[in-house]
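Sequences listed follow chains W and B, in order. One rule links them: number in our numbering = place in the first sequence (from 1) + 11. FYI, our numbering numbers position 362 of the second sequence as 343, with every residue one higher than the one before it.
These are computed hints drawn from the structure, not numbers from a lab. Don't take each hint at face value.
Stated by the list, open to error - Residues from chain B shown here face chain W by an in silico Cβ test under 8 Å; the list is partial:
(1) T66
(2) Y160
(3) E185
(4) G186
(5) V187
(6) S190
(7) L192
(8) L194
(9) G196
(10) G232
(11) E304
(12) A305
(13) D307
(14) D311
(15) E312
(16) W375
Stated by the list, open to error - To list a few chain W residues with every Cβ distance to chain B over 10 Å, as calculated:
(17) G22
(18) I44
(19) T49
(20) A54
(21) R65
(22) L68
(23) A119
(24) Q157
(25) G208
(26) G223
(27) V242
(28) V278
Small disclaimer: the values here were computed from a predicted structure and weren't measured. Glycine residues also receive a C-beta, built at the ideal position from the N, C-alpha and C atoms.
Each chain, letter by letter, is given below.
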Amino acid sequence: MRHLLSVSDLGREGIEEVLAVAEAFAEVGTRPIRKVPTLRGRAVATLFFEDSTRTRLSFETAAKRLSADVLSFAAASSSIKKGESIRDTVETLEAMGMDALVVRHASAGVPAQVSRWVTRCSVVNGGDGWHEHPTQALLDCFTVTQALGGIEGRRVLVVGDVRHSRVARSQVLAYSALGASVTLVAPRSLLPPSLEGWPVEVTHDLDGALAGADVVSLLRLQAERGSGAFVPSLREYSARFGLSAARAARLSPKAVITHPGPMIRGVEIASDVADLPQALVTRQVTNGVAVRMAVLFLLLGGHA
Amino acid sequence: MTDVPGVTGVTGAVVVAGGEVLDARGRRRADVVIDGGLVRAVGPEAGRDAPSGALVLDASGCVVAPGLVDLHAHLRQPGHEEAETIESGARAAALGGYTAVVAMPNTDPPVDSAAVAREVLALGAAAAVEVAVAGAITVGRAGERLAPMGELAAIGVRLFTDDGAGVQDGALMRRALDYARDLGVTLAQHCEDARLAAGGAMHEGVWSSLLGLPGIPAAAEEAMVARDVALVRATGGRLHLLHLSTAGSVGLVRAAKAEGLALSAEVTPHHLVLTDAECAGYDPTFKVNPPLRSAADVAALRAGIEDGTLDAIATDHAPHPPEAKDLPFDEAPPGMIGLETALPVAMGAVGLERALACLSWRPAAIAGLAPRHGGPVAEGAAANLCVIDPAAVWTVDPQRLASRSRNTPFEGRTLTGQVRHTIVAGEPVVVDGRAAR
Chain W
12 MRHLLSVSDL GREGIEEVLA VAEAFAEVGT RPIRKVPTLR GRAVATLFFE DSTRTRLSFE
72 TAAKRLSADV LSFAAASSSI KKGESIRDTV ETLEAMGMDA LVVRHASAGV PAQVSRWVTR
132 CSVVNGGDGW HEHPTQALLD CFTVTQALGG IEGRRVLVVG DVRHSRVARS QVLAYSALGA
192 SVTLVAPRSL LPPSLEGWPV EVTHDLDGAL AGADVVSLLR LQAERGSGAF VPSLREYSAR
252 FGLSAARAAR LSPKAVITHP GPMIRGVEIA SDVADLPQAL VTRQVTNGVA VRMAVLFLLL
312 GGHA
Chain B
-18 MTDVPGVTGV TGAVVVAGGE VLDARGRRRA DVVIDGGLVR AVGPEAGRDA PSGALVLDAS
42 GCVVAPGLVD LHAHLRQPGH EEAETIESGA RAAALGGYTA VVAMPNTDPP VDSAAVAREV
102 LALGAAAAVE VAVAGAITVG RAGERLAPMG ELAAIGVRLF TDDGAGVQDG ALMRRALDYA
162 RDLGVTLAQH CEDARLAAGG AMHEGVWSSL LGLPGIPAAA EEAMVARDVA LVRATGGRLH
222 LLHLSTAGSV GLVRAAKAEG LALSAEVTPH HLVLTDAECA GYDPTFKVNP PLRSAADVAA
282 LRAGIEDGTL DAIATDHAPH PPEAKDLPFD EAPPGMIGLE TALPVAMGAV GLERALACLS
342 WRPAAIAGLA PRHGGPVAEG AAANLCVIDP AAVWTVDPQR LASRSRNTPF EGRTLTGQVR
402 HTIVAGEPVV VDGRAAR
């Protein structure tokens, strides 16, 4: 595999391989010197055309732990502001000898377009519009596997603004590939217009769905993408779809809660719930580095 | 001799020899003798009596038809000559078998005054095909107040549209229909409710949901079709519906025609053969407005051609330079070129005879260009003809197209049916598939 544009590029075996390699790299993060020479001499650029702190830092940390050289490109400080096209920027970076480009863009499909413009580089989707965020779904699966011992047969609720969520699209593909049953919990106005062919069940009744859940994956209400027009108010959204303390208390004691961050406490998740031991948010962040190390290694390590 | 408008360089006599004539009257084996811009003789042996020294164009194995008429071409001049000019667009049209095109008014400045219309017509007078110009319904196509339709009609404008956008204000559209009636002109609507379509980049459905792209629902088109049907009923005005793309729209037009309302409708070649699945690779070449729809919509559009609900096939030829199509899918401008591929694509979708009716005589009537264009191939008729080799197989290479732009969705595809010659007002402007000027 040369690029990681979608979870569907991996399939079940590919996902399991990433998780297995991530398991090995997770140990690196616990060493006194958190670095291995695996990708020494290789160069990774992060191209973020949309603001992001945690994903960019996570990829850069992952690349540095593998001893790759890291170049960080943020659109705000770049030639893009002067009118240079994404295509020219990408071709420039490839000409400088980059081996991998991690691309984040507010428009769906940009990583796929970039993969057609490069001749040699690997392209990693760091999140594109409402489309996909494959490494987020992989790190969710890694974290849930760590907590529950496996994904197969588990019942996963994906709750919230699925329509505007790249995380949700990648999660549906990843969890279902690993044998979980996925239920989307959202008002109709925040679901994709068509779910034809999606391996999911759908409900708008969070209370009814909680009892049998093993994993509750909360999504941020994408206020900046206009979700405000999709529900009457944050207050009403929170009342119907927020994970309150009372709702969390009805979960099975073994169930876990994930959130891709950044959380909006008081909207999709109550502050007290975010701080429960079942909420795996900081473990997700920690594991994100190991999973991204695994992805970079699998894309670049094989042909050094 | 009859005056022949649009004639720019009538040459000597021409004989189109050995072909089969196919027009609204039917199909028959005939040579066609042309001189002085007019058809002088049509018949199985007519070539024998041709004037000596006549240019003989071989039409063996070919269909000789009235030239095609495009109701919907964005020639981009004035204002966006980097994408297309009237000269280059007209050359592309001639190569596609067209003898006349209607230039859309969403230029910069738009065609909302006689001055701009005259400029387009003056540039068109020197072009390879006859160029008619559509005027805007509203000033600046801003949808706020009526453009001077009377002034434009007085210099020959027959079609008015704000294409690129629909007239959102129902009251204004009603006034436009009332006002246009006295002038004997036709309004043409780009049916799209701007609020329902806002932000959309492709058809809303299975694929937009998977790809995470904002969708344009079928209802955005159908809501305006339904409104305009009601307005035509209320005013008794005449309306042409541009580039219909959904099964629901076809149903609405079918019902309105059954009621006897004065409506006509067109569909593009690309909406007859391509679906939203083409967007799966996020290639903005496949971004177009209205968007490529579902397979069920494609089937309904073909059925609409077959039962006559849809009158015309029009290209919506919309050139964009390559850099505009190298943008992210949701930022790239919508549009695809079509003048040089329309005929074979339409033939593939609905067959040669239906394709010709929808590409030639029916749109000629809607544009007010009949019988000069689209009329039967008969003695005394204006010599606007195309000669088609229906069996020729070719592969679309964007680099070899005459358009200044290369945004064809058919790149690399093999098409059957090719234009061999095009004759405009008696002048062979395409000979053996090559533009003569």
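A quick look at each hint next to the structure:
1. For B:T66, the suggested interface contact is broken, since its CB lies about 24 Å from the closest CB of chain W, more than 8 Å.
2. With 8 Å as the threshold, the beta carbon of B:Y160 stays out of range of chain W, its nearest partner Cβ sitting at about 36 Å, so the hint is violated.
3. For B:E185, the suggested interface contact is upheld, since its CB lies about 5 Å from the closest CB of chain W, less than 8 Å.
4. Hint on B:G186 holds. Least Cβ distance to chain W is approximately 5 Å, under the 8 Å limit.
5. The criterion of a C-beta within 8 Å of any C-beta in chain W is met by B:V187, whose closest approach is roughly 5 Å, and the hint holds.
6. Taken as an interface hint, B:S190 checks out: its beta carbon lies about 4 Å from the nearest beta carbon of chain W, inside 8 Å.
7. Hint on B:L192 holds. Least Cβ distance to chain W is approximately 6 Å, under the 8 Å limit.
8. Restraint check, B:L194 versus chain W: the minimum CB separation of about 5 Å is within 8 Å; hint holds.
9. Hint status for B:G196 relative to chain W: holds, with the closest Cβ pair at about 6 Å, below 8 Å.
10. Residue-level restraint check for B:G232 is violated (minimum Cβ-Cβ distance to chain W is 21 Å; threshold 8 Å).
11. Checking B:E304 against chain W by beta carbon gives a least distance of about 7 Å; that is within 8 Å, so the hint holds.
12. Hint status for B:A305: violated, given a least beta-carbon distance of 10 Å to chain W, over 8 Å.
13. For B:D307, the interface hint holds, the least distance from its beta-carbon to any beta-carbon of chain W being 5 Å, beneath 8 Å.
14. Taking 8 Å as the C-beta cut-off, the interface hint given for B:D311 holds, the closest approach to chain W being about 5 Å.
15. Taking 8 Å as the C-beta contact cut-off toward chain W, the hint placing B:E312 at the interface holds, the least distance being around 6 Å.
16. The closest approach between the C-beta of B:W375 and any C-beta of chain W is roughly 26 Å, which is over the 8 Å cut-off, so the hint fails.
17. Even its closest Cβ contact with chain B, about 17 Å, leaves W:G22 beyond 10 Å, as expected for a residue assigned away from the interface.
18. Every CB of chain B lies more than 10 Å from the CB of W:I44, the least distance being 40 Å, so the non-interface label holds.
19. With a cut of 10 Å on Cβ distances, W:T49 stays outside the contact zone with chain B, its closest approach being about 32 Å.
20. With a minimum CB-CB distance of about 24 Å to chain B, W:A54 clears the 10 Å threshold, and the non-interface call stands.
21. With 10 Å as the threshold on Cβ separation, the claim that W:R65 sits away from chain B holds: the shortest Cβ distance comes to roughly 20 Å.
22. Taking the minimum C-beta to C-beta distance to chain B, about 24 Å, the non-interface status of W:L68 holds against the 10 Å cut.
23. Taking the minimum C-beta to C-beta distance to chain B, about 4 Å, the non-interface status of W:A119 is violated against the 10 Å cut.
24. The claim that W:Q157 lies off the interface holds: its Cβ sits roughly 28 Å from the closest Cβ of chain B, which is beyond the 10 Å cut-off.
25. Here W:G208 does not stay apart from chain B, with its beta-carbon only about 7 Å from theirs, under the 10 Å limit.
26. Chain B leaves W:G223 outside its interface by the beta-carbon criterion, the shortest separation being 26 Å against a cut-off of 10 Å.
27. W:V242, annotated as away from the interface, keeps every beta carbon of chain B farther than 10 Å; the closest lies near 18 Å.
28. Consistency note on W:V278: stated as away from chain B, and its beta-carbon is indeed over 10 Å from all of that chain's, at 22 Å minimum.
Against the hints set out earlier in the document, violations occur for numbers 1, 2, 10, 12, 16, 23, 25.
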